[in-house]
Amino acid sequence: MNRILNEIKQIIKKNLNEYLPEVKTSDLEEDGTVYYMNGKNGTEFDWYVNENLPSFMVFYNDKRNLGAVKLSIDTGGGVVLYIYGDKGNTVIKEVKTSIEVTENELFSLAVILKSEADDKSVWDANIDKINTDIDISDEKITEFKDSEKYMELMKNRMKLLNQMAYLSKKILEEGGKVGYMCRDEAINGNESGWSFMAGNEDDEYINDYKNIALVSVQEVYQLDPYIWDYIDNPVGTKLIRASSNEFEIDKNDKEIYMEKR
Numbered sequence: 057m058n059r060i061l062n063e064i065k066q067i068i069k070k071n072l073n074e075y076l077p078e079v080k081t082s083d084l085e086e087d088g089t090v091y092y093m094n095g096k097n098g099t100e101f102d103w104y105v106n107e108n109l110p111s112f113m114v115f116y117n118d119k120r121n122l123g124a125v126k127l128s129i130d131t132g133g134g135v136v137l138y139i140y141g142d143k144g145n146t147v148i149k150e151v152k153t154s155i156e157v158t159e160n161e162l163f164s165l166a167v168i169l170k171s172e173a174d175d176k177s178v179w180d181a182n183i184d185k186i187n188t189d190i191d192i193s194d195e196k197i198t199e200f201k202d203s204e205k206y207m208e209l210m211k212n213r214m215k216l217l218n219q220m221a222y223l224s225k226k227i228l229e230e231g232g233k234v235g236y237m238c239r240d241e242a243i244n245g246n247e248s249g250w251s252f253m254a255g256n257e258d259d260e261y262i263n264d265y266k267n268i269a270l271v272s273v274q275e276v277y278q279l280d281p282y283i284w285d286y287i288d289n290p291v292g293t294k295l296i297r298a299s300s301n302e303f304e305i306d307k308n309d310k311e312i313y314m315e316k317r
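Take any residue in the sequence shown, count from 1 to its spot, add 56: that is its number in the numbering used here.
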């Protein structure tokens, strides 16, 4: 087995024994098997966007199948573990440690995991069943590196989700979808500059601060996921909803497509 994965297994085992001594191996999924949780985002996404590998998990062996341990390792070798007691319902310990490893070693492991897991549609699998004792080709390395430029777009959008925006309460409270979105200069680094309106507000409504909420872009995205493809548009952008799932530049020559959630 790959050295880094073996160390991950040992770290998990040590902390299980220390912080969950009452939990037997039979209480855990496949007697404490460690799973590589690439199924949510995939290896490339986590490496370039979140700057870590997908997490490694051990689960309780019951109907709810909640996590007992979650381990994350970043691109510099830093490790964070969360230990869950009460059958996975409560975080009882956060442990920070590290593995002595170069970024190149971790990068090589990421490429192998992408090749032997993601590329073969092996998701959230037992790490013992992923073939990591292989040499990686130059082609695979180049392919992985080339994905960085595509992930940069994703990284920028993920950052924007945590910034603030103005949201009409016709969307927030009355069930409308975003009909109009415009981006102005942000006042500070915590703001995105975006304003999201239903599209049927008049000036009197908009000028009353009680009708406008300050929320994260993430909250708007949860209400209307179709804004995702547009949130990295530059300052000065004005968009109207053109259909259920598309926006277009507002040229003041079309009516806004209005829709309820």
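Since the hints were made in silico from the structure, they are not lab data. Hints should not be assumed to be uniformly reliable.
[What the hints assert, rightly or not] Here are the simulated distance ranges between beta carbons:
1. Asn267 x Lys96: 35 to 41 Å
2. Asn244 x Pro281: 24 to 30 Å
3. Asp194 x Glu230: 54 to 60 Å
4. Glu86 x Asp194: 53 to 59 Å
5. Asp240 x Tyr282: 46 to 52 Å
6. Asn256 x Asn182: 49 to 55 Å
7. Val136 x Glu86: 44 to 50 Å
8. Glu150 x Ala298: 18 to 24 Å
9. Gly292 x Lys143: 48 to 54 Å
Every residue, glycine too, gets a C-beta built ideally from N, C-alpha and C.
- [ ] Starting from the hint list further up, note which numbers the structure goes against and sort them upward.
- [x] Of the numbered hints, 4, 5, 7 and 8 do not hold.
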